[in-house]
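Peer 1: With the hints as constraints, model all of the structure from the sequences given.
What follows is the residue order along each chain.
Number of protein chains: 2
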Amino acid sequence: MLRMNTLDQRIISQLLGNARASYAEIGKVVGLSAPAVKRRVDRLLDSGVLRGFTAVVDPQALGWGTEAFVELHCRGNVSPTRIRAHVESLPEVAAAYTVSGAADAIIHLRAADIHHLESALERLRALDIVESTVSTVVLSTLLERPPVPQ
Amino acid sequence: MLRMNTLDQRIISQLLGNARASYAEIGKVVGLSAPAVKRRVDRLLDSGVLRGFTAVVDPQALGWGTEAFVELHCRGNVSPTRIRAHVESLPEVAAAYTVSGAADAIIHLRAADIHHLESALERLRALDIVESTVSTVVLSTLLERPPVPQ
DNA sequence: GGTGAAAAGAGGGTTCT
DNA sequence: AGAACCCTCTTTTCACC
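Protein sequences appear in the order of chains A and B. Numbering (UniProt numbering) for the first sequence: 1 to 150. Numbering (UniProt numbering) for the second sequence: 1 to 150.
Think of the hints as simulated: they come from the structure by calculation, not from any bench. Predicted, not measured: the structure shown is a model, and the values here were computed from it. Don't take every hint at face value.
[What the hints assert, rightly or not] With the Cβ distance kept under 7 Å, some of the chain A side facing chain B (calculated, not the full set):
(1) Asn18
(2) Ser22
(3) Gly52
(4) Thr54
(5) Ala55
(6) Gly65
(7) Phe69
(8) Leu90
(9) Arg145
[As the list claims (entries may be wrong)] Residues from chain B that keep clear of chain A, each with C-beta distances beyond 10 Å, as calculated:
(10) Leu16
(11) Val29
(12) Arg43
(13) Glu67
(14) His73
(15) Cys74
(16) Val93
(17) Ala96
(18) His115
(19) Ala126
(20) Asp128
(21) Glu131
(22) Arg145
Glycine included, C-beta positions come from ideal geometry on N, C-alpha and C.
Peer 2: Here it is, written out as structure tokens:
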């Protein structure tokens, strides 16, 4: 595990805001030269604190505007690893979490439309670890923030 | 609304995989010159299909490893806009959705630890639109995929 | 959408503290 | 160790075709 300081956090903060910012731009904000920023970014990538860089797209625009949250109730005791192995076979799974409470997991589904969502749900319910599901369809996305603030 | 073709989708796909890829690299994959790629990316940014570029960080590594999903039940009829206005005042809100079913919204909370999460939940419940909440604490993240596949 | 040129940035080695 | 400086090579970003 890496020990990070304020400088690293501020660099990450800049990259969260704009992953295509140049090292010089970032350096100007955090008070470092461009090569110094690059070496820190490389180190953060190596250590796994930074996993990579991605584009933020409008799901609606790409035709993936229909979402749902599904509480997963499994048959008997199923390990998180097995749940993961099963749910990652569905491309519509945007995220999956094991949780406290009655449900075993919460699945975030993302699909093109209601029919696509229904099809994904059917395939999810057909997994042999699944006993029952409780779905909540998303009507609108009020807010979505990048993974980590500041 | 913008009409997009396969070329745009492939460019977006490349940027989803690596937002810091050079235009020349992207162009080599999709069969375009670097300036042509840049023109399309600029147009996608202008039109809002591409919202920007961000870093993918390990929340654990930055000390934001504790998450929860909260079903929000509001007093009477509250518009999505008002819900949004209220919940975005909490920095711990990672995402918020209006949903079908009994709850009015689902809030995705992200905090440093259980105590931080508890504090965020208290502030959420203190909002005057909120009648009651049902929280589900995330035990582990099994899977998290970028916003849009392919 | 491609081409070519000027400006900006990346990346590596060296020096300084 | 880590950051700044410098130099070369690549990339970006225009112009124009």
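Peer 1: Over 10 Å from every CB of chain A: does Glu131(B) meet that, or does the non-interface label fail?
Peer 2: 18 Å, holds
Peer 1: Minimum C-beta separation from Cys74(B) to chain A exceeding 10 Å: can you confirm that?
Peer 2: It holds; Cys74(B) is separated from chain A by about 12 Å at its closest Cβ, greater than 10 Å.
Peer 1: Is it the case that Ala96(B) keeps its Cβ farther than 10 Å from each residue Cβ in chain A?
Peer 2: Violated: least Cβ distance 4 Å, not greater than 10 Å.
Peer 1: Hey, does Glu67(B) actually stay past 10 Å from chain A on C-beta?
Peer 2: Contrary to the label, Glu67(B) does not stay out of reach of chain A, its closest Cβ about 7 Å off (not over 10 Å).
Peer 1: For the restraint on Gly52(A), tell me whether the closest CB of chain B is nearer than 7 Å.
Peer 2: 5 Å, holds
Peer 1: Taking the shortest Cβ-to-Cβ distance between Arg145(B) and chain A, state whether it exceeds 10 Å.
Peer 2: 5 Å, violated
Peer 1: Would the non-interface assignment of Val93(B) survive a Cβ cutoff of 10 Å against chain A?
Peer 2: Val93(B) is in fact no farther than 10 Å from some Cβ atom of chain A, at 6 Å.
Peer 1: How about Leu90(A): closest beta carbon in chain B under 7 Å, or not?
Peer 2: 10 Å, violated
Peer 1: Can you verify the interface hint for Gly65(A): is its Cβ closer than 7 Å to any Cβ in chain B?
Peer 2: Violated. Min distance 10 Å.
Peer 1: Taking 7 Å as the limit, does the beta-carbon of Asn18(A) come near enough to a beta-carbon in chain B?
Peer 2: 6 Å, holds
Peer 1: Under 7 Å is the threshold here; is the Cβ of Phe69(A) close enough to any Cβ of chain B for the hint to stand?
Peer 2: Check passed: Cβ of Phe69(A) comes within 6 Å of chain B, closer than 7 Å.
Peer 1: Take a quick look at Arg43(B) and tell me if its Cβ sits farther than 10 Å from every Cβ on chain A, holds or violated.
Peer 2: 12 Å, holds
When the structure is compared with the earlier hints, violations turn up for hints 2, 6, 8, 10, 13, 16, 17, 22 and for no others.
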